[in-house]
Amino acid sequence: MIELDTGAPFDQHRAIVKPEWIDWNGHMNVGYYVVAFDQATDTLCQQFGCGFEYTRDKIGMTFVLEAHVTYDREVKEGDPLRITTQILDHDAKRLHYIHVMYHADEGYLAATNELMLMNIDYASRRSAPWPDFAMERIEKMTAAHARLPAPKQAGRLIGLPRKK
Amino acid sequence: MLDSLPYELPELVTRAPLDTHRSTVLPEWVDWNGHMNVAFYVTAFDQASGAFMRNMGLGRRYVDGKLGMTFVLETHVTYDREMKEGAPMRFATQLLERDAKKVHLFHEMFHAEQGYLAATNEAIVMNIDYASRRSAPWPVPVAERLETLWATHCLLPKPAKAGRVMGLSKKQ
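Protein sequence lines correspond, in order, to chains L and S.
Numbered as in our numbering, the first sequence ends at 164 without a single skipped number.
Numbered as in our numbering, the second sequence ends at 172 without a single skipped number.
None of these hints come from the bench; they were simulated from the model.
Watch out, some of these pointers could steer you wrong.
With beta-carbon atoms standing in for the labels, derived distance ranges [stated by the list, open to error]:
{"hint": "1", "chain 1": "S", "residue 1": "Leu156", "chain 2": "L", "residue 2": "Ile2", "range": "48 to 54 angstroms"}
{"hint": "2", "chain 1": "S", "residue 1": "Pro157", "chain 2": "L", "residue 2": "Pro129", "range": "50 to 56 angstroms"}
{"hint": "3", "chain 1": "S", "residue 1": "Glu85", "chain 2": "L", "residue 2": "Gly159", "range": "33 to 39 angstroms"}
{"hint": "4", "chain 1": "S", "residue 1": "Arg15", "chain 2": "L", "residue 2": "Gly159", "range": "38 to 44 angstroms"}
{"hint": "5", "chain 1": "L", "residue 1": "Arg156", "chain 2": "S", "residue 2": "Leu155", "range": "24 to 30 angstroms"}
Source: prediction; values computed, not measured.
Where is the CB? At the ideal position from N, CA and C, for every residue including glycine.
Input sequences plus hints: build the corresponding full structure.
Dropping the structure here:
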């Protein structure tokens, strides 16, 4: 397994907005923000030994149970993206975290994605506790992230304000 | 604010919930777990939002005519059950709230043959002025349609999965 990165927040994932991610409004489509974020989840899961090989080798999978996205600013074709990740909480089977997407050159906030991820047993396709090797790393990263303040986009309730 | 739209609007469907949108899970939406990837649920729901907007009179002609656009500000998805390649989807859409510039929508995705709930999506969609790319009030005919739709949708109960805040319950 790769060396665990305990930098807070986790700051390894980079991407470029692909031409096929653009819609008729001339910007990255809402679905592809989630593609980009899901790839950041893959980068995160590699840290725990739960990346592509985890599924390829028929050990387990990770399923997203719930997701909340805030679309804060447009990004265009070819824009470089930087995605940071903060662990918010975890239990025996689940991981609660938030990704924050920035324009890598201009630095502005483009979007956030709060997620609930669950470990899945490969054979039964049902929830299962994190393997020991993953849990050990999840706990270390959670401890490293504990000093970070909770982002204001975490724990949001969707709605229209009553008074404008 | 636009007082009118320079094209014929489709006949308004006021059924509550709106149940016109259908779709199929495309091969390229499936990931290494052998099911529809999380992102493409959002794409599928975005197309359901598109169907809602077409019913309001805001389809492709609205953008191509350089009148305006609609942007999603925020979305919340619950992933309730897996969907495989080729699975037929049926959507039900409820208007939860509306104001001068925005709508708050709640979509449910069902497997169209087996009937089970696959996912839900809450979304805030805002009207955008084409030239300034900034928020703008709905065109007048759209605001009128929203009020007509609201008259039927406001009678629906609030969905149990709407208004969720994410977190781990300490007891399982």
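Okay, the hints, checked on the actual structure:
no.: 1; hint: Leu156/S / Ile2/L: 48 to 54 angstroms; result: holds (49 angstroms)
no.: 2; hint: Pro157/S / Pro129/L: 50 to 56 angstroms; result: violated (37 angstroms)
no.: 3; hint: Glu85/S / Gly159/L: 33 to 39 angstroms; result: holds (35 angstroms)
no.: 4; hint: Arg15/S / Gly159/L: 38 to 44 angstroms; result: violated (24 angstroms)
no.: 5; hint: Arg156/L / Leu155/S: 24 to 30 angstroms; result: holds (27 angstroms)
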